[in-house]
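Novice: Sequences listed follow chains S and L, in order. With the working numbering applied, the first sequence covers 4 to 119. With the working numbering applied, the second sequence covers -19 to 95.
No lab work stands behind these hints: they were computed from the structure. Virtual Cβ for every residue (Gly too), placed ideally from N, Cα, C. Keep in mind that a hint or two might mislead.
Said to hold, decoys possible - Under the rule of at most 30 Å between Cα atoms (straight-line distance), these lysine-lysine pairs were calculated in the DSSO-like manner:
#1 S/52 / L/-6
#2 S/52 / S/81
#3 L/-11 / L/51
#4 S/52 / L/-11
#5 L/-11 / L/37
#6 L/50 / L/-11
#7 L/37 / L/50
#8 L/-6 / L/37
#9 L/51 / S/52
Unchecked claim - Covered stretches of chain S (chain L as the covering partner; in silico rule of three or more C-beta atoms under 8 Å from a C-beta of chain L):
#10 13 to 26
#11 48 to 54
Said to hold, decoys possible - Each pair of labels, with its calculated beta carbon distance range:
#12 S/87 / L/37: 35 to 41 Å
#13 L/20 / S/101: 36 to 42 Å
#14 L/-5 / S/8: 31 to 37 Å
#15 S/18 / L/20: 24 to 30 Å
#16 S/44 / L/-5: 25 to 31 Å
#17 S/55 / L/60: 43 to 49 Å
#18 S/18 / L/49: 47 to 53 Å
#19 L/83 / S/82: 24 to 30 Å
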Amino acid sequence: AQSVTQLDSQVPVFEEAPVELRCNYSSSVSVYLFWYVQYPNQGLQLLLKYLSGSTLVESINGFEAEFNKSQTSFHLRKPSVHISDTAEYFCAVPAPSTGGSYIPTFGRGTSLIVHP
Amino acid sequence: NAGVTQTPKFRVLKTGQSMTLLCAQDMNHEYMYWYRQDPGMGLRLIHYSVGEGTTAKGEVPDGYNVSRLKKQNFLLGLESAAPSQTSVYFCASRLTSGGSTGELFFGEGSRLTVL
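Starting from the given sequences, assemble the full structure and let the hints guide the process.
Specialist: As structure tokens, this is what we get:
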């Protein structure tokens, strides 16, 4: 069963506009949350993660995400996007396996398309 | 530091042929994973390994086999390729010391087309 839901498959936006990419998770899973980014023709790389403490986490390139327990959400935001932010973004959670370990489970991804 | 390396990067097969994808990591990670990525489906886990000599099934294991004979290598095999296996395959690894908090490190992907 899917443990994380990304509500938008594609988000087009103009350069320098703000953007929000939405992610909701199942409340039954361990509450560690990740955002990964995939640039064209590349593998995924970690953008940011929430483990504990402050509910607002930031990346080095201006993205931020806020863990909201009551709404079971971990939406990704950026106040002003650049052309270079065009990429696929994946929300992920560690879901428990039958063997006792945790399996990184991904949402279906959101394609952010930044237009000049 | 190479990180996670996948070979080959591209391959075209005919239905019924077999092949093996190799994933190698030089970070001494315990856990390794094989995912497939298809449009609109995100990443789906095929098989994974929690250590040398151990493997386990993921969400979509049918038609694939894996082996982890050495800690640094994780092989994905297709015994009889089918057009439904046309996809981009990603290998990933992570440490166990971070528990479920550990970051995944990905290879650049292997694009497989089955005709």
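Novice: State for each hint whether it applies.
Specialist: Hints and how they fare:
1. S/52 / L/-6: 41 Å, violated
2. S/52 / S/81: 15 Å, holds
3. L/-11 / L/51: This hinted pair holds, its Cα atoms lying about 21 Å apart.
4. S/52 / L/-11: 29 Å, holds
5. L/-11 / L/37: 24 Å, holds
6. L/50 / L/-11: Answer holds: residue 50 of chain L to residue -11 of chain L is near 21 Å, not above 30 Å.
7. L/37 / L/50: 18 Å, holds
8. L/-6 / L/37: Measuring from Cα to Cα gives roughly 25 Å; hence the hint holds.
9. L/51 / S/52: Holds, because 27 Å separates the two Cα atoms, which is no more than 30 Å.
10. 13 to 26: Result for this restraint: violated, n = 0.
11. 48 to 54: holds (count 4)
12. S/87 / L/37: 35 to 41 Å: Since residue 87 of chain S and residue 37 of chain L have Cβ atoms about 38 Å apart, the given range 35 to 41 Å holds.
13. L/20 / S/101: 36 to 42 Å: 27 Å, violated
14. L/-5 / S/8: 31 to 37 Å: 35 Å, holds
15. S/18 / L/20: 24 to 30 Å: 26 Å, holds
16. S/44 / L/-5: 25 to 31 Å: Roughly 26 Å apart at Cβ, these two residues keep to the hinted range, so it holds.
17. S/55 / L/60: 43 to 49 Å: Because 47 Å falls inside the window, the suggested range holds.
18. S/18 / L/49: 47 to 53 Å: 49 Å, holds
19. L/83 / S/82: 24 to 30 Å: 25 Å, holds
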